[in-house]
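**Student:** Take a look at the letters that make up each chain.
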Amino acid sequence: MKPTNIQNPEYFHKVVDCQYACPAHTPVPEYIRLIANGKYTEAYLINWESNVFPGILGRTCDRPCEPACRRGRIEQGEEPVAICRLKRVAADNKGPVKQYMPTAPAQGNGKKIALIGGGPASLTVARDLAPLGYEIHLYDEWHKAGGMMRTQIPAFRLPESVLDEETGYILSMGIHTHFNHYVSSMREILNKDYDAIFVGTGAPKGRDLNLPGRKEGARNIHIGIEFLANVAFEHVHSIGKKVIVLGGGNTAMDCCRTARRLGGEQVTVVVRSPFSTMKASPWEIADAQREDIPIYNNMPPKEFVVENGKLRGVIFEKVRAEYDDKGRRTLVPTGEPDVFMEADDVIIAVGQDNAFPWIERDLGIAFGKWDLPVVDRISFQSTMPKVFFGGDAAFGPENIITAVAHGHQAAISIHLFCQGKDLLTDRPAPTTNLVRQKMGIHEWIYDNAVVSDDRYAVPHEEKKLALSNRKVEVELGFDTDTAFKEAQRCLNCDVQTVFYHSRCIECDACVDVCPTSCITFTINGDEDDLRMRLSAPALNKSQDLYVSDTLPTGRVMVKDEDVCLHCGLCAERCPTAAWDMQKYLYNVTKAVKIL
Amino acid sequence: MSFIKPQFRHPALPKNRVGYTKADYEGAISTLCAGCGHDSITAAIVQACFEIDLEPHKLAKISGIGCSSKTPAYFLRNSHGFNSVHGRMPSVTTGAYLANRDLIYLGISGDGDTASIGMGQFVHAVRRNLNMVYIVMNNGCYGLTKGQDSATADAGSISKEGHTNQFRSIDLCSLSIELGATFVARSFSGDKHQLVPLIKAAMAHPGFAFLDVISPCVTFNNNKGSTKSYDYVRAHQEATSELDFVPEKEAIHIHYKEGKSVLAPLHDGSLLHLYKLAPGWDPTDRRSVIDMLQNAKVEGTIPTGMLYLDMNTRDLHDLIHTVPQPLNSLREEALCPGQAALEEINASYR
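In order, the protein sequences belong to chains A and B.
The opening residue of the first sequence carries number 1 in this note's numbering; numbering runs sequentially from there.
The opening residue of the second sequence carries number 1001 in this note's numbering; numbering runs sequentially from there.
If you're looking for bench data, these hints aren't it; they were derived computationally from the structure.
Ideal Cβ placement from N, Cα and C applies to all residues, glycine included.
Be a bit skeptical, because a hint or two may be false.
Computed list of lysine-lysine pairs in DSS-like fashion (alpha-carbon distance at most 30 Å, straight line) [unchecked claim]: (1) K14(A) / K438(A); (2) K279(A) / K318(A); (3) K1015(B) / K541(A); (4) K94(A) / K318(A); (5) K1015(B) / K438(A); (6) K541(A) / K98(A); (7) K386(A) / K112(A); (8) K279(A) / K242(A); (9) K1146(B) / K438(A); (10) K279(A) / K464(A); (11) K485(A) / K463(A); (12) K1015(B) / K279(A); (13) K326(A) / K241(A); (14) K1070(B) / K438(A); (15) K386(A) / K438(A).
Some but not every residue of chain A turned toward chain B, in silico, with C-beta under 8 Å [claimed, not checked]: (16) E75; (17) D508; (18) A509; (19) A536.
Output of the computed footprint for chain B on chain A, the stretches with three or more beta carbons under 8 Å from beta carbons of chain B [said to hold, decoys possible]: (20) 442-452; (21) 511-518; (22) 563-570.
Kindly generate the complete structure, drawing on both the sequences and the hints.
**Tutor:** What follows is the structure in structure tokens.
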């Protein structure tokens, strides 16, 4: 193999698994260390710079970082660091932050931007562009900003006060809001004198199930996201005692738990496919089950049973999943008799789609597969140069953190576009910084001891109280003592093991001390060959091998990054400082310097 | 500074026949200087014990005083151990060995602990052919007292502070052969490929097995002009042979050119496979070994690998006709056979 080029900003970035997995590339270990040090305000601001909604995401994020966390790989049964809930600790315990946030300049830059939809993508664009002096107009059909964060996430998971606070930081940057204003025509917007338009309207259409009885039972059959919005805006206050929720995603989990709080006594979730393939996050499933909500699987609904104009229940078929050679799934009836389940109300939460009935198709904005707009994956520009898409509106339903990541990139594009620059070649590179952590002989600035604690569970509100009021937050968040202990579980993967081959005397001290057998000195070979010849086989191909230049004995140093604990022992035992621990801070450049 | 090694190990670490991973043969984290050759020898011992499927309770590690003698704290945390007095490791081992012949005895010593203060003890352990492995971690200096020349420092070797050693060195390998040792090898801490099979073979050898391991002192004796530095040893090391240790039950799958291969069966059924590289040298012929070592001295090379091997060995218990049962397990009736037996003995003198 060729020597690894550590000058490539992506090499060490990839070693920071959590940050690499995060769509917005939030520097996770950096803020976790700050939390451990009790510097909650700083931890919050690092988050805010990167993901704009630390308090919201600390409760609701899909947390792609956690399955990626190295901690989950280092031992069978070891769980990742509770990254998401630590983020909330920063938000819960921070001091005043407003004074550290950028403000809109007194003098605008003369450019006007329209943001359609007031969700996370649009708000991110607003946050990134307002400090540059853009005049920003935000349109939303509801009376408050937040989009799906407000309409689809129940208050027992995300208190309104947190939403109001974090959307407020952005709106107070001089954003012109047009609330209660449903944009029904893109042409109308285009006719106004906006220099650029950003569409962040999400995926607002809940899928329906056209089964027999659907029309007859319509009064008691609800679409999941509409039901959640109606509850959020207090148009709906109650539901029947027996409720069936159809679907296995996070929306289904929110619906069933909401139903429990509105008077549903026997709330049941029914999934058409196997339990193991449910789309909902495991922790959301666990939270629903904790609230006495059974989940039945392998039962697709067949018919809504309506008697005398009143919904009686649902008939389900029984199936099993079979997979063909290509892994495609078919649900095959088992031949068992159909099952009838009683219900006063049924909530359909089987997915959602994009919908752009308001964009006229003769404007020059091209639409492609599944009626999604044709959008560039890097610039987020549509086929009409001044129109940009982001969030769920761009490529279909994802999650909040993805919408934020889109927003940052769209903001850069809009800023480049308004300056007449090229959207692809003029994009700013990420900023990186590699800093030695040596503080003395065998002393590091970071806390390099690896603790053996298991993951700490977040305490929950007492169930009876939680179910009595839909506004009572279920998760209580870590107290600061537990947060410290959980933060100490972080392996500091951003503190990189940097190898200087010219200093190495090949004494093997690093090989001998490495607890997880990551380091090998051997004759070079091609990657597949090397992976099998190391101190421990490097079977996880998603993790790179760090290969040095050839050493005096003709060998190379090969480090398998997979289960490195970043404990710094290789550098502590190195007599010539050929190994050094250096903190790598990678930051996605924003349209404007935020902090 | 880290005082505790993280508890996590590579999740794919293989297990040996007795169900242990390599990590189960480790000890506490080393407190020696970073880069010390002794740590590499420690790692080689761990590797060797893992590979021979050792049950840790079947080994006793015994040491004297010095950097080398600290290392038993860093390996085999579940084995027996005795950190004895300076230079007195051989006598403590002798006592332990007489009391219980069933254990593997691993003596760890240094050049000071063996060639200076312990010389009087060392030579007698050799000539008594104690069934033990005697490892000297040889760095040619007194590292614990800031690097003065030791008795194994070569004449002409330059110390870190710049003075040249005027005294002839003691070659522990030659001395051992002279005293009748039945297994003599030299290796280098930076060459685990060679060292691990040697340790394994030494543990299987039914007599005194001597291993002189050159182990650079990174702090006091790794400078230019030193003959015990990483660079010097790498440049002057000449392997006498390639060695394979073939454990019992494992098929032999290595083929060597005829005439250059020596196959030595060990008492436990395992085999030692030597592929000779040095010309005019026969590892079973004491005189040829002495010649080879003397020639190397003249030529300035450091022969490493197996040097001398005598398979027709009788260890101490055999020589003094002790009972096969470990003495520590003999009961009172066997040790004090009583008045009648005494009468019988007395009668035999009358």
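**Student:** Look at each hint and say if it fits the structure.
**Tutor:** Hints versus structure:
| no. | hint | result |
| --- | --- | --- |
| 1 | K14(A) / K438(A) | 23 Å, holds |
| 2 | K279(A) / K318(A) | 20 Å, holds |
| 3 | K1015(B) / K541(A) | 23 Å, holds |
| 4 | K94(A) / K318(A) | 51 Å, violated |
| 5 | K1015(B) / K438(A) | 36 Å, violated |
| 6 | K541(A) / K98(A) | 44 Å, violated |
| 7 | K386(A) / K112(A) | 12 Å, holds |
| 8 | K279(A) / K242(A) | 24 Å, holds |
| 9 | K1146(B) / K438(A) | 26 Å, holds |
| 10 | K279(A) / K464(A) | 28 Å, holds |
| 11 | K485(A) / K463(A) | 26 Å, holds |
| 12 | K1015(B) / K279(A) | 38 Å, violated |
| 13 | K326(A) / K241(A) | 43 Å, violated |
| 14 | K1070(B) / K438(A) | 28 Å, holds |
| 15 | K386(A) / K438(A) | 49 Å, violated |
| 16 | E75 | 6 Å, holds |
| 17 | D508 | 5 Å, holds |
| 18 | A509 | 5 Å, holds |
| 19 | A536 | 4 Å, holds |
| 20 | 442-452 | holds (count 6) |
| 21 | 511-518 | holds (count 7) |
| 22 | 563-570 | holds (count 5) |
Violation of the numbered hints given earlier is confined to hints 4, 5, 6, 12, 13, 15; the remaining hints are satisfied by the structure.
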